[in-house]
Every structure is written in structure tokens, then in C-alpha cells.
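A.B. asks: Using the sequences and the accompanying hints, generate a full structural model.
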Amino acid sequence: MPLDAAKTETLVSVRGLSMHFPIYAGIFRRQVGVIKAVDDVSFDIGRGETLGVVGESGCGKSTTGRAVIRLYKPTAGSIFIDGKDISKTEGDALRRLRPSMQMIFQDPQACLNPRMTVGSIIAEPLDEHRRDMSRAERQEKVRALLDQVGMNPDFANRYPHEFSGGQRQRIGIARALALDPKFIVCDEPIAALDVSIQAQVVNLLEDLQDRLGLTYLFISHDLSMVRHIADRVAVMYLGKLVELASRDALYESPRHPYTKALLSAVPTVEKRSVERIILQGDVPSPANPPSGCVFRTRCPMAEARCAAEVPAFRKLADGRGVACHFAA
Amino acid sequence: MLRYAARRLLISIPTLLAISFIVFALLDLAPSDPTANLPLTIPPEVREKIRLSLGLGEPFIIRYFKWLEQFLINEPLAVLEQMTGLTIGDSENRLRVLSWATRSPVTDLIVERLPQTLWVVGMSYVVAVVIAVPLGVISAYRQYSLFDQIGTFISMLGFSIPTFFTGLLLIVIFSVWLGWLPSIYDTTHVVEDWDSFWFQVKQMAMPTMVLALANASQISRFMRASMLDNLTQDYVRTARAKGVRERTVVLLHVLRNSLIPVVTVIALGVPTIFGGAIVTEQIFRVNGIGALLITGIESNDIPLVQTLTFIFAILIVVFNLIADLLYGVLDPRIRYD
Numbered sequence: 000m001p002l003d004a005a006k007t008e009t010l011v012s013v014r015g016l017s018m019h020f021p022i023y024a025g026i027f028r029r030q031v032g033v034i035k036a037v038d039d040v041s042f043d044i045g046r047g048e049t050l051g052v053v054g055e056s057g058c059g060k061s062t063t064g065r066a067v068i069r070l071y072k073p074t075a076g077s078i079f080i081d082g083k084d085i086s087k088t089e090g091d092a093l094r095r096l097r098p099s100m101q102m103i104f105q106d107p108q109a110c111l112n113p114r115m116t117v118g119s120i121i122a123e124p125l126d127e128h129r130r131d132m133s134r135a136e137r138q139e140k141v142r143a144l145l146d147q148v149g150m151n152p153d154f155a156n157r158y159p160h161e162f163s164g165g166q167r168q169r170i171g172i173a174r175a176l177a178l179d180p181k182f183i184v185c186d187e188p189i190a191a192l193d194v195s196i197q198a199q200v201v202n203l204l205e206d207l208q209d210r211l212g213l214t215y216l217f218i219s220h221d222l223s224m225v226r227h228i229a230d231r232v233a234v235m236y237l238g239k240l241v242e243l244a245s246r247d248a249l250y251e252s253p254r255h256p257y258t259k260a261l262l263s264a265v266p267t268v269e270k271r272s273v274e275r276i277i278l279q280g281d282v283p284s285p286a287n288p289p290s291g292c293v294f295r296t297r298c299p300m301a302e303a304r305c306a307a308e309v310p311a312f313r314k315l316a317d318g319r320g321v322a323c324h325f326a327a
Numbered sequence: 000m001l002r003y004a005a006r007r008l009l010i011s012i013p014t015l016l017a018i019s020f021i022v023f024a025l026l027d028l029a030p031s032d033p034t035a036n037l038p039l040t041i042p043p044e045v046r047e048k049i050r051l052s053l054g055l056g057e058p059f060i061i062r063y064f065k066w067l068e069q070f071l072i073n074e075p076l077a078v079l080e081q082m083t084g085l086t087i088g089d090s091e092n093r094l095r096v097l098s099w100a101t102r103s104p105v106t107d108l109i110v111e112r113l114p115q116t117l118w119v120v121g122m123s124y125v126v127a128v129v130i131a132v133p134l135g136v137i138s139a140y141r142q143y144s145l146f147d148q149i150g151t152f153i154s155m156l157g158f159s160i161p162t163f164f165t166g167l168l169l170i171v172i173f174s175v176w177l178g179w180l181p182s183i184y185d186t187t188h189v190v191e192d193w194d195s196f197w198f199q200v201k202q203m204a205m206p207t208m209v210l211a212l213a214n215a216s217q218i219s220r221f222m223r224a225s226m227l228d229n230l231t232q233d234y235v236r237t238a239r240a241k242g243v244r245e246r247t248v249v250l251l252h253v254l255r256n257s258l259i260p261v262v263t264v265i266a267l268g269v270p271t272i273f274g275g276a277i278v279t280e281q282i283f284r285v286n287g288i289g290a291l292l293i294t295g296i297e298s299n300d301i302p303l304v305q306t307l308t309f310i311f312a313i314l315i316v317v318f319n320l321i322a323d324l325l326y327g328v329l330d331p332r333i334r335y336d
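Chains as they are written, first to last, in numbering that gives the first Met the number 0: chain A, 0 to 327; chain B, 0 to 336.
None of the hints are false.
Residues from chain A shown here face chain B by an in silico Cβ test under 7 Å; the list is partial:
#, residue
1, R94
2, M102
3, D106
4, A109
5, C110
6, N112
7, P113
8, R114
9, E123
10, P124
11, H160
To be clear, the hints were calculated from the coordinates, so they are not data collected in a lab. Glycine is no exception: its CB is placed at the ideal position from the N, C-alpha and C atoms.
C.D. replies: As C-alpha cells, then:
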């Protein structure tokens, strides 16, 4: 069951998600095409599970994450969170769904409003969604949240620029936790941080998951960090899901040629057991993806069939999903 | 912040002294003769006596320091005396900056003209800000919409068409063809009841609108650009992800951050209000500071022009400082310590 949640009941279920951005050109700004940032992606995430999403820059990881919690309006497909399809929800109804799904953003420098104090940044979702709480209760909650992410509650009156990157990312996490969400999309939460701080933040995320029973969609290009935190891993290439498997299965025996190449690029301190696979050429433009399999232009094992036929995302015997004609 | 302001004010003293010297020297070196407008029948030796009586017999440097003393000490004291009714020292014999053309103190002339300028030009600035800020916000929020296209087009027109053209155009339309509004501003008009108030509104309408169009186009472009900068920022996405109302996202998060550069532009534009809109005041015959400056230049009234120019310089320096301080108030990342 590659598409389904590994152990428990499913919390998030994505079916055929596509996110196409129109391209406008010319004097009259007519639409001349689309960028297929995400194209027909399906996966499930179980309650309390962490699904890692990996892939190189521009492969649609972040777009997927943003579309799943409806920061974008998806072009096609459906997104079920707790059994409710949110892919068509708009406006006020969508706003009311926000407490259950939150996002931790990539750039802790830019994602906090520079003119608001940390306290008001964290309290804002409470002011908006928890009118039942009194002022004092909200302030208490802000202090508790700061404490929960390992920060001094007295920092609430300071401004974001007074903090270091790691501290700011903690503020971002506290903000995301303010409404007690069930599902959090972590969009490269550690990419902008120092290596020593990365471990702190990832451990904090794991710790919070254990305590609060959170479900994560963990987007990263750091393969070793994903191996550390994820239960299952999805690999994306040019807006497509190419492989989805449990963490151990994926890291031990990748089946898709792209996953193989990607994993062979992870630097190790030991002597290399696998030969490094160096892909030729560049990633094609998502505005004009190759026919058939999108990876065929750089695939070492591509044949004529790959150009003609789009490989189906199919289950293998061990339960993983792969989109390659030759994977077995 | 207070210490920063004090330091900046101290630094601006040498700047202003340098400006005063340049202004004085420029006008003094200019080939102009205060007696040139007098009848040709006056013999040269009488002309020379007139020049001497105006103080032109002294060397340049002495005239400069005397003017400086008059401007910086005597004039403020005189204004203070007029305002409070007190007598400070030997006020009878205190030498003031006198206009060559009217022989009355320059400060009195300025005080006389200032209300008209502040009413018309100041009002136009208020109108411009009130129009421009919402215009810029909506234009940016609905970028490339019909509203944005029309708004951008009109602000481009307002930006590129000079006020002497729009002014005359409005006079032709509203005064000549329609006959709704007076083409000349009546300075002596007194507002005492509703009818006279309505007349005041009518006579202010055209000069105010002409200036407001020019100012609003500029401010709305700044507002739009600044909004566009901020609308795509990550923290705006964060605010949306929090489930904050769209109104709050735009007004609280985006607008407040976008106002920082716009407020600076607005603050830097304030000295031009006091400077008056020279051309517009001339077209509508508003008897303001701008018109005063023009007559001063035309009649070689050098003390008047020197004093006015230097007052503008002071205003610009002061409002530069105010803009800098506003920046610190609006943006918590900037601290002047």
C-alpha cells in the first residue's frame, strides 16, 4: 500500500494534485502557456506520521506543500484533510479551516513581519480564531508557546530582527503551533540555518511531534535530514512524484533511476559503497516538459518507450510506489 | 532618539550657514541693479545715493554678516515681539531685513502671504495624500486590473503634464465654458457665513485640484510600488497561513510596512507647501509665497529673495530630519542611538 498511510488511519490524502501557473507574454499579456509546477501528484499521510518530500530546486516540493494547505488554489485534484475535501474551499470557509493546518516557512528572516513584536506575531492567529479566550489567556498561551519551543517567554515584546536565525525559526514554529494544528507543512524549515542549529530545530520538531501527536509534511533537499526525521519519503522530479517508499526501503534500495542518482550524491564519510551517478544535462523547463517520462532526457536507462508513454505510478511487490517502466 | 535629533540639528548648523553664504553670494554676484526699475530721468549720482542708502556701499562680507545678524537675531525677536506684545531691548532702532521694493520688513510680507499659500497649497497636499494612498493600495492589490490600468494612466498624465497646462485647461473648462468657478483667487475674501464659505471653496477648488493631481500622481506611484514590494513578501504569506482576514492582511501587514517609504516622501514634500507652488499661484493669482518670490525676483528685491530662499533651505533641512526620525518611529529595525 504505497499510497496509503503506513501504520494508522489517514489524516491527509492528496489525489491527482496539479498546480499550473499561467505564463503571460506579449503586449496584451495573453496567456501563452503554463508552468506545470506540480503535476498529478497523489499521496497519503497517516496521523502522527512524517512524510518527507525531497527533490532538487524547482521540482515543485514547496508548491506541493503550499497547495496542500491551500495557500494556492490547485489547478486540479483533491485534498482531503481529516476526510474533508478542502481543494475547492474558498474565502471565509477556508480561513476557518486554518487552525487545523499550519506551515513552517523556509526563510525565518522574511516570514515574520518586521514591524510586529514576537508576541503579537504569535498572538495574531489566536486573536483571529480564538475569540473565546480572554486577553490574559492569550498572553499566557503566547508565553507557554515560547516556552514550548525553548525560548524565554519574556522575549514576546521584542522584534524579530533582534533574534538569530535559529531563534526566529523557533518563533515561526511557535506561531505555527498557536492554534493547536493537527497537520503542519514544514517547508525546508532548516535550509536557512546553520548546521549546528539545524539539529536543534529538527529535534524540536520531533519532540513536538511526540508530545502533541503532530503530522508533518517535511519538505527538504537535505537527504540525510529527511532520513533522520521522515517515516516515509516521496521523491519529486519536475513536478511529478517519481518514487514514494518507506524511509528504510528508499534509502537502502532506491528503484527509480532518479532516486538512485539523487541518493548517490549524498556525501558520506565512509568509503563509497555505491558508484556516484552523475546525471547529464539540466532539468528541462516545467513550462515545456519532455513527452512521456519527464526524466527520460537525463535518464541513463531511457529507451524509445520512455518518450512515447508516460510511466504510471505503480505499486511494487514491497509496497512502494514508483513511476518508471523498468522498476521492479 | 532625542540625542540623535539634537546631534542632527547641531550638524545642520554649519550646513545652513554654508547655504546662507551661497544664497547670499549668488544673489549678490548676480548682475542686477535695484534702481533699474526707477524712472530713467533720475540722474546717475542720485541713483548712486539710493544704492548707498540701501546699504550697498559696504563691502560684501560686512553686508553678509549684517544680513545674517538681521535674519537670525533681529527678525526672530521682532516676530516674538509682535506675537507677545513684549518689548525686548532696543526694538525701535533694531535693523530688520527690509524689502527694497516695499521698504517694509520681509518677515511681515511673508507672514502676510503665508495663510493663502498654506490654505491652497497645503489643502492640495492633504487632498493629494487622501486620494493617493487608497489609490496606490487598490492599484497594487489588483495589479493589472482595469482599475490599476486607469489609475496608472491618470497618474502618468498627472506626472507628466505641467501644472501651467492643467491649470489653464481647468480655467478654460470650468471658468470660460461652464462658468462655474472663478479663475482668479480673491485674497481679500473673508469667510463669515455659509455663502462666503461656499465661495471660498469654489475659488480654492481649481488651484487645489491642479496641485493635488500633480502630487497625488507622484505619491500614488510610490504607494503602489511600495505595496507591490511588500505584497509578495514571505510574511504576507505567513499572515494568510495564519488564517487572518484578507482585510487585516492588506491593511495591517502590507500597508503598514509599505507606508514607511511613502511617509518619508510625504514628509520631504512638506517644505514645498511652504515654498508655495510658484507657477500655480501665478496662474490663479493666489497671493501667496510663490507669487511673492516671483515679484521679488522681477523687481530685483534681493533681501526678499535671499530671505525666502534661505527659509526654504531651513525647511528642507528640518523636514529631512523629520523624515529620518519618522523612519525610526515606523520601522523598529532602525534605531538612532
